[in-house]
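> Take a look at the letters that make up each chain.
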Amino acid sequence: MNEAFAVILVDSTSYALRIEKLLKQQGLACKLIPVPRHLSSDCGVCVRIQKQEADVIRTLLQEDQIHFLTIEDV
Amino acid sequence: MIPTATGFPSSKTKDGALYLDNAATSWPKPPGVAQAMAQFLAEVGANPGRSGHRLSIEAARIVYSAREAVANLFGAPDPLRVVFGLNITDGINLALHGLLRAGDHVVTTGMEHNAVMRPLRDLAQQGVEFTQAVCEADGTLDPRRIEEAIQPNTRLIALNHASNVCGAILPIRAVGQIARRRELLFLVDTAQTGGALPLHMENDCIDLLAFTGHKSLYGPMGTGGLILSERINPADLHPLRQGGTGSRSEREVQPDFLPDRFESGTPNAVGLAGLLAALEWLQEQGLETIRAHEKVLCADLLDGLINTPGVIVLGPQDAARQTATVAFNIRGMEPSTVGLRLDEEFNILCRVGLHCAPSAHRTLDTFPDGCVRFGLGAFNTAEDVQQAVEAVRQLAKEAP
Chain A
1227 MNEAFAVILV DSTSYALRIE KLLKQQGLAC KLIPVPRHLS SDCGVCVRIQ KQEADVIRTL
1287 LQEDQIHFLT IEDV
Chain B
133 MIPTATGFPS SKTKDGALYL DNAATSWPKP PGVAQAMAQF LAEVGANPGR SGHRLSIEAA
193 RIVYSAREAV ANLFGAPDPL RVVFGLNITD GINLALHGLL RAGDHVVTTG MEHNAVMRPL
253 RDLAQQGVEF TQAVCEADGT LDPRRIEEAI QPNTRLIALN HASNVCGAIL PIRAVGQIAR
313 RRELLFLVDT AQTGGALPLH MENDCIDLLA FTGHKSLYGP MGTGGLILSE RINPADLHPL
373 RQGGTGSRSE REVQPDFLPD RFESGTPNAV GLAGLLAALE WLQEQGLETI RAHEKVLCAD
433 LLDGLINTPG VIVLGPQDAA RQTATVAFNI RGMEPSTVGL RLDEEFNILC RVGLHCAPSA
493 HRTLDTFPDG CVRFGLGAFN TAEDVQQAVE AVRQLAKEAP
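Read top to bottom, the protein sequences are chains A and B. Each residue of the first sequence is one higher than the one before, counting from 1227 in the numbering used here. Each residue of the second sequence is one higher than the one before, counting from 133 in the numbering used here.
Looking at chain B on its own, in the form it has when it is part of the complex:
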């Protein structure tokens, strides 16, 4: 079991609070992450790929290694097809705003995060159309709903691999196969699953894979981006930003090659040094090992909450069909009250409300009140789960 091994950080803060907000940002991080970042700042620190001196080249080498590690994890065809950006939202924006033009139609789902919905709503003002395929009340998706939503002008299918609200896993491979068969492009938001569930661009027929470094990859914030399959011609994707790339400096037009076309300005090299260390840790541990551990914890948490009178558990309620994120409500108690009391009285940190996903909450019938979300991570333990269930039990007893 991962967390009992020596040298692994505790899921408790310095003041003893239990961290259950991994679906927002994983914490703690593997010890090598902070170390790599501190070392980068102290010993490397130069601008990657900008100057020809050896420190600049060393910085670029670290960024390139991070690119390779991301490519390996997601089965990307080529490390240079990994585009780093501010975060996954930036990657999704590049995919949607870069690709879509007036008259294009997009099929998405009723379980999306605002990272997808807000760009789509904005694009709709510019003549892009979209349809939200209806999901089940537990947040799952029948891939036939996607097929039914396809129109003659459909160009892209865009969905998240798992819900950030209730953890429901969407059938991306089945949808990817539909996209391939119907000659559509396929964008997957892997915010909740990158590093947590097996994913492979080619096998899952993904053309645009948006990823984040700070959740289940266990890297720092400010890392993430978009990976392009070989079916995406960089010329068909308009860059969100133009500027210095350290290449083709004699020309005042944006380079057309990858990744420079989409990576203007100095990158977050210190963050990428941390991400590289995180990905090395992830590879050492093995994604399957972490997934198995989280699945056991998730099953225990689901079991404990389902068997607590007054608690309504949302989502698939099946550890095999969801990530280690569990959403629930206590009957007669507002989610915000639950969150505050968990924090102040029970020393448990979680996230309540709408989780930037009003669409998903409409599907789960929890709009506009929202719900409480426990996001488990690799460093949580069986004791953590017990403590969380016990706290909810106490609160549920007091609910009117």
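Same shape as in the complex, but just chain A:
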């Protein structure tokens, strides 16, 4: 299993939940985790994904017009 991760940073937990729902429907692995401190000082959550699926997910979110801030490697 590839353990390299990326995270999708979002405005709030509601956005994270919306993304989680979409990714689960598409069979893409994800997990909601606290935002790593070095990425943002926000106290909220972000969506952790497999790094290798980041491009596919970025396209998916853009196609579905689902708002997110950035996707960062961790």
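Think of the hints as simulated: they come from the structure by calculation, not from any bench. None of these values were measured; they are calculated from a predicted model. By construction, the Cβ of each residue, glycine as well, lies at the ideal position given by its N, Cα and C atoms. Worth double-checking, as some hints may not be accurate.
[Claimed, not checked] Some, not all, of what chain B presents toward chain A, calculated at C-beta under 10 angstroms:
1) Pro180
2) Gly181
3) Gly184
4) Arg186
5) Ser197
6) Gly378
7) Arg380
8) Glu382
9) Pro387
10) Phe389
11) Leu390
12) Asp392
13) Ile422
[Stated by the list, open to error] Rough simulated footprint, nothing fancy, chain B against chain A, three-plus residues with beta-carbon under 8 angstroms:
14) 1240–1246
15) 1259–1266
[To be verified] Using C-beta positions, here's what the derived DEER-type ranges look like:
16) A:Lys1250 / B:Ala514: 40 to 48 angstroms
17) A:Ile1292 / B:Asp368: 19 to 27 angstroms
18) A:Ile1292 / B:Gly397: 20 to 28 angstroms
19) B:Glu416 / A:Lys1250: 21 to 29 angstroms
20) B:Gln309 / A:Gln1251: 31 to 39 angstroms
21) B:Ala514 / A:Pro1260: 51 to 59 angstroms
On the provided structure of chain A, position chain B as indicated by the hints.
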């Protein structure tokens, strides 16, 4: 028929009283509602969207699912445009106080609840103007009266979908189309109709839909809010409250995105867990099925009361043109006396008086005495209606 199906709760209290006050708060609730709330408290219970741990995320997931269920029911463009608040009054206050500025004009009607009228009266002190379009004596509205009341500085049309006093249904789609054509915003108070009548934000041209969870959505009290259409820019709506949202914590200014801009402080997540269960129940039953059931009961109740000598029935007196709420008076007997005697002698619980709607009572010509209101719900039965009519018949016989 819904209530005869097994597993549905009775419209009678433990001590046998018949509950006919669904227009104030629906009771009983579907069994899943209390269950979901108890389960939330016992097993989830964490602060939604505040902490990153799994219990907090699970709580947030429940709140988000409730948001989705509300969005689906009302044809909202996006679950994140559903703003939860204390109740529908809170949602209406957000719409009116958040949107209106000195010099703006609002068109409303003569059938409004104080949830609309009191904020408008307060705003009038700050230079907001409003006109109440005149309704018919049966509480119905000719949409032309709305059009006539529009002024050059009109910004918003605000009305309730149905009267909380007599159940009269207002023609929201026709009014919504007027609002769209005249480029005005349209606020609908759906307290009496959300879950009871078909409603669709886009088809009905609604820009601001205020809703409550504890009436015909069959959820708990303390749930409700406001849904914003895509025509509403969140920046144009000033939040009533600012504070913690669990997002953008590094900044001391209120976030500009939805729903956080309008949802400061810990939400009523336990209530929303109950609301979610209620909306799932509503979807299983089907709004049309419940409406058909209530319509039959309402027609029977109207028929029974209209044919009782000494009883004056208010409102449209037509089950197709009203919700399952029926208002009446007994000639020669004060509404408060009727209410007390129904409670004490006939074991029937209803609401009498002015129903927080002096404007509507003026239109119906029942101000300041008020009237008696029977509010039917999904769990009432034909027997309940018979019992209510029989009780009124007895009282009317005794009236001077």
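> Decide, hint by hint, whether the structure agrees.
Verification of the supplied hints:
{"no.": "1", "hint": "Pro180", "verdict": "7 angstroms, holds"}
{"no.": "2", "hint": "Gly181", "verdict": "4 angstroms, holds"}
{"no.": "3", "hint": "Gly184", "verdict": "3 angstroms, holds"}
{"no.": "4", "hint": "Arg186", "verdict": "8 angstroms, holds"}
{"no.": "5", "hint": "Ser197", "verdict": "9 angstroms, holds"}
{"no.": "6", "hint": "Gly378", "verdict": "6 angstroms, holds"}
{"no.": "7", "hint": "Arg380", "verdict": "6 angstroms, holds"}
{"no.": "8", "hint": "Glu382", "verdict": "4 angstroms, holds"}
{"no.": "9", "hint": "Pro387", "verdict": "7 angstroms, holds"}
{"no.": "10", "hint": "Phe389", "verdict": "5 angstroms, holds"}
{"no.": "11", "hint": "Leu390", "verdict": "8 angstroms, holds"}
{"no.": "12", "hint": "Asp392", "verdict": "5 angstroms, holds"}
{"no.": "13", "hint": "Ile422", "verdict": "28 angstroms, violated"}
{"no.": "14", "hint": "1240–1246", "verdict": "holds (count 4)"}
{"no.": "15", "hint": "1259–1266", "verdict": "holds (count 4)"}
{"no.": "16", "hint": "A:Lys1250 / B:Ala514: 40 to 48 angstroms", "verdict": "46 angstroms, holds"}
{"no.": "17", "hint": "A:Ile1292 / B:Asp368: 19 to 27 angstroms", "verdict": "24 angstroms, holds"}
{"no.": "18", "hint": "A:Ile1292 / B:Gly397: 20 to 28 angstroms", "verdict": "26 angstroms, holds"}
{"no.": "19", "hint": "B:Glu416 / A:Lys1250: 21 to 29 angstroms", "verdict": "23 angstroms, holds"}
{"no.": "20", "hint": "B:Gln309 / A:Gln1251: 31 to 39 angstroms", "verdict": "36 angstroms, holds"}
{"no.": "21", "hint": "B:Ala514 / A:Pro1260: 51 to 59 angstroms", "verdict": "56 angstroms, holds"}
Against the hints set out earlier in the document, a violation occurs for number 13 only.
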